[in-house]
Amino acid sequence: MALKTKQIRKQPQAERATRKSKFQADLAPAEDRMVRGLKQELQLTSNSDFLSDALALFRWAVWERKRGHRIFSETETGARKELVLPRLERVAPEIMLPRVEISWTPRELESLADLASREPAHPTETLIRAMRG
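In my numbering, the protein residues as written are 63 to 195.
Read the hints as simulated data drawn from the structure, not as lab findings.
Treat the hints with care, since some could be wrong.
As the list claims (entries may be wrong) - Here are the simulated DSBU-like cross-link-like pairs (lysine-lysine), alpha carbons at most 35 Å apart as the crow flies:
(1) Lys128 - Lys84
(2) Lys128 - Lys101
(3) Lys143 - Lys101
(4) Lys128 - Lys143
(5) Lys82 - Lys128
(6) Lys84 - Lys101
(7) Lys82 - Lys101
Computed from a prediction, not measured in an experiment: that's the story for all the values here.
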């Protein structure tokens with residue numbers, strides 16, 4: 063009885079490392095329309111190109127916030143609007159985080175304490191419908 067063997071060609075390490083990963087996302091209909099609209103506006107034909115550009119922009123934003131820089135959009139007249147995303151703020155240096163001072167009245171503090179100590183409210187049908195889109 064002859065023993066048959068099959069030669070298996072091993073891929074070089076560099077070839078294995080360049081293999082592309084698959085990415086799949088479940089988007090709500092509104093998000094899907096947004097992606098399609100942005101792809102059309104930016105003249106991108108593939109989801110891969112869209113994701114690559116989106117990642118590059120997000121990576122830059124993370125890098126800027128890590129360095130303590132704030133991100134603004136500025137109009138021709140000089141009016142500025144700051145980009146503040148909770149996820150981006152997590153990587154910002156602690157001393158640079160946006161700070162908000164709230165002056166609470168005693169009545170407002172009592173109301174807040176009352177709300178915080180209650181059982182959580184169940185969502186209303188209106189809220190459930192709104193969240194489902």
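Hints, one by one, checked against the model:
no.: 1; hint: Lys128 - Lys84; result: holds (28 Å)
no.: 2; hint: Lys128 - Lys101; result: holds (29 Å)
no.: 3; hint: Lys143 - Lys101; result: holds (24 Å)
no.: 4; hint: Lys128 - Lys143; result: holds (19 Å)
no.: 5; hint: Lys82 - Lys128; result: holds (28 Å)
no.: 6; hint: Lys84 - Lys101; result: holds (19 Å)
no.: 7; hint: Lys82 - Lys101; result: holds (21 Å)
Violated hints for the displayed structure: none, as all numbered hints are satisfied.
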